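Undergrad: One-letter residues, chain by chain:
Protein chains: 2
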Amino acid sequence: MKPKSKWWGWGNPDTTYHLEEHPLFLSYLKTILELPDKAIVTRPNIQDIKIREIRLSGRDIDGLYSILTPEGVDHSDEARITNAYGKSYKDLIRIRLKQFDAVPDAVVFPRSESEVRDVLHWAADNKIEVIPRGGGTSVVGGVETTDAHRATIVIDMHRMNRVLAVDTLSLVADVEPGIYGPALENSLQKHGVTLSHYPESFEYSTLGGWIAARSAGQQSTLYGKIEDMVESLTIATPDGVIKTVNVPAAANGPELTRLLIGSEGIFGIITQARIKLRPVPAKKYYTGYLFKSFNEGIECCRDILQRGLTPAAIRLSDADETNFAFSLIEPAKSAVKNIIHKTGFAWMQSRGYVEGKRAFLLLGLEGTASRVSYERRTMRSIIRQYDGIHVGRGSGKQWYRQRFINPYRRDVLLDYGLMVDTLETATEWSNVPYLHHEVLRAINSSFGSLNIKGAAFAHLSHLYTAGSSIYYIILASPHRGKELEEWNVIKNAACDTILRNGGTISHHHGVGLDHRRWLKKEIGDAGIRLLKDIKTSIDPNSVLNPGKIIE
Amino acid sequence: MKPKSKWWGWGNPDTTYHLEEHPLFLSYLKTILELPDKAIVTRPNIQDIKIREIRLSGRDIDGLYSILTPEGVDHSDEARITNAYGKSYKDLIRIRLKQFDAVPDAVVFPRSESEVRDVLHWAADNKIEVIPRGGGTSVVGGVETTDAHRATIVIDMHRMNRVLAVDTLSLVADVEPGIYGPALENSLQKHGVTLSHYPESFEYSTLGGWIAARSAGQQSTLYGKIEDMVESLTIATPDGVIKTVNVPAAANGPELTRLLIGSEGIFGIITQARIKLRPVPAKKYYTGYLFKSFNEGIECCRDILQRGLTPAAIRLSDADETNFAFSLIEPAKSAVKNIIHKTGFAWMQSRGYVEGKRAFLLLGLEGTASRVSYERRTMRSIIRQYDGIHVGRGSGKQWYRQRFINPYRRDVLLDYGLMVDTLETATEWSNVPYLHHEVLRAINSSFGSLNIKGAAFAHLSHLYTAGSSIYYIILASPHRGKELEEWNVIKNAACDTILRNGGTISHHHGVGLDHRRWLKKEIGDAGIRLLKDIKTSIDPNSVLNPGKIIE
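Chains A and B, in that order, give the protein sequences. Be aware that the first sequence starts at 1, since it is given in the working numbering, and climbs by one per residue. Be aware that the second sequence starts at 1, since it is given in the working numbering, and climbs by one per residue.
Careful: at least some of the hints might be erroneous.
As the list makes no split between identical chains, a pair holds if one copy fits it or if it spans any two.
As the list claims (entries may be wrong) - Cut-off 30 Å, straight-line C-alpha distance, at most; resulting in silico cross-link-like pairs (DSS-like, lysine-lysine): (1) LYS532 - LYS521; (2) LYS491 - LYS243; (3) LYS521 - LYS491; (4) LYS521 - LYS2; (5) LYS284 - LYS190; (6) LYS482 - LYS357; (7) LYS292 - LYS521; (8) LYS453 - LYS535; (9) LYS98 - LYS243.
Hints in this document: simulated from the structure, not taken from any laboratory. In this text the structure is predicted, and so the values were computed from the model without any measurement.
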């Protein structure tokens, strides 16, 4: 089942975030941005969107019908509009500006590997651009039409959504790629097992999408990125099917599974994955700590990881993000608790955990009771060595409860004409403080050159013995009518800075169209040539998601 | 520095294993094999080996001299003979039989990436087969001349053996590939860090070889296989250099580093690696347990792994290997201890740990003191649930002390005309007991059809949540003069059985020449085609280790 979701924004149509109900957050926003008194950007009506004529001929449509039956093909305006974009800020702005220059000509819904193969074969023969789509939540232009060929179809995978087999002895399962996060976890947890891959998009993204884009869940520090969770893959190509091996580890030549993971649809379409599972954790413990400075927090996190400890979630906010996070704290229902809260903050301030310097650490432990209790004890004593103080489990619980809420908030801020974007990278520990600082400086200096108000801050959230990801949040008040142009300036400044200073263009969002030119710098001409040669050998007509990752 | 090593056998020329000094082992061998009273196969003299004329022209040699200086090129008979083979049983037998039909024409010793590049360029232009060689300990024909071109050179990497940089903050180091295990660890441990990759070949193999063949160390359950330890790679190809990215994790398209790891020299020659390190463990704790049966041991090991615990080494012997292992126990120096030992065995026997059924578990824990103590406590209580009993730390200590000794033993057994081979696979837990049994049955049935005495047994040694490797040891008394032929029958029976029953052709030895035809079954035509296309794009003249992995 495909979850109902706003075509112009994020998530459940019945869920909205009401800014007015969050006075603390509202006043925080007013201090850092130009915030109008009320929403100024209207949400679009699908009836108002104009799109181009369909470019598929009657014969093309018949061809698709004969593979998929008419029920498996939708070339309505609605389907073409709602499948034109992903969920990046750039996408949502173009939707609100009613910019639908390039839209696909049809959306198809295969039910089996053989239908996928037949569609790809047909597309290769007829030189039709094919865009695979899971939940369509790409934030890097990964599902966008490029008009590389005479027409474009989107392959929406949501009907291939079965959990085919669960082996509770080997802790592996065979799953079709079109399954959404909640359906997958529900189905697995009935067997007492879990994948535990929870990206922020979890409720509206699919297993296939996670694998194609090398996603990371919020608990990746323990469970690994998606590439660590996949034992084998089956992918359909115009030429046939590649199936990798169902073994836990091997020395059988180069690791082909890893070559297919992260290929974002350019080598083929994932039709099945064997995923590695864990028992459902008996215990989850989420809590919060505060450091006197971001740098002390970084040192502490590094120490935790390098001692061989693996918290499920470990997320360290810099000083500005800590402020942002504190503005989102929900007032307690009891007045007494609120007073305790206030007193607590005053005490912290007096003890040297000063606003504008202090850094919040979210720590989440998962596993058997004995493991969680061992880790809790051990990490507490490490954190103390870095002057970290416990701020109570409430902060951890709130984070856990609200861990999928940010994209809803974004929609509301967009109503107010604000720019809201995120970007992320990863680098080694010795470069984390420097890169963190340089990227923020680049973003802030583009606010200056654009003459707009804005704020940017960051957190570390997927940690390794060798380094960490850095995740940036950008809020700004762009000039009306110049949103895309100004976003571009900021994005370019940030990405150029990342690449100049030893970061990767993405830790878990992928490459798509938006990051392509930086990937070229990152992996060099030889790397790009290698990818191109592989692509050409699999897909000589280049119909598979053309233009993504490589030109 | 290249460690001194026997050209016709294993390791340090001054170290030998004297069978006569191990009466327990000797009598064990007599019960299972035809063991002559004394050594019957002489060790070869290099002067007695006849090889073909050198196939490189004077012009070729001048070409190599101009790249490497004469000092970097050796086309002496000795160099050509000692670089003809790896260290498999098949290799050692051919050496003893003086079968040197195909030998390389020269061995070259580059000192830098640019020299490697120039040699590859020269080889591609002149259509010369190039075989990269680290320690030359391949047991799958990975370093063997195939005569694919008019002449063959071996590139011995041992002069590129520097640790270029150690970053103790990020726990990474840049290392050249020709460094041998002990030199690498010595150099790292001076900085308080370690790679902790200890394959049985550790003392005589190199970092580049480990990476090229997807090696696993004896402590891989904690530290990972070599593919988990490499952050980035530089490889030289005839066409230029491919350099992957120095970041701890990324979503930058398909993972090119993993495509190069395990490529066994067919895509290029590794010239540098950035490896991920750990602090030197404060504590190492090795000990032994006994289960009433192999199957109970398997269940226990699975449980340990699936609860999220990661012992450094966890190695479970089946009943026959347990017998073998017990025959290797060194008598204690004190008579009292020996009596205690004997009493202990009798007690075990009476308690249901019966010879021929019982299974020995070697358990090694490494890390901080607090981690080791937590794991020790937790695992002990799990092991108890499966009726495992502690047999004392002596067994763990002996294993640790002797962990690199087996290949020395093999040389002596070869003197006695015995066949000694090992092979290994990996499979998921639900298939472990079945595959374990079927492969042994196939091997035993080939002993029958060949009408020879032999024994085969196995252990699990590299464990994952999803499954385990299974490592087989084969001992047999082949007919003299038919060693290779009979080995072939046994090897084929075992490998066919592995592939028919869901195992991989190798967990950590690689593919080389010997496993090529099973790889084809394992990854299918589509997989082979993909590898071939990648190879062709990088190495259109196919001069790079031709014939390895794919035909």
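Undergrad: Of the hints given before, which are not true for this structure?
TA: Numbers 4, 6, 7, 8 and 9 - these are the hints that the structure violates, sorted from lowest upward.
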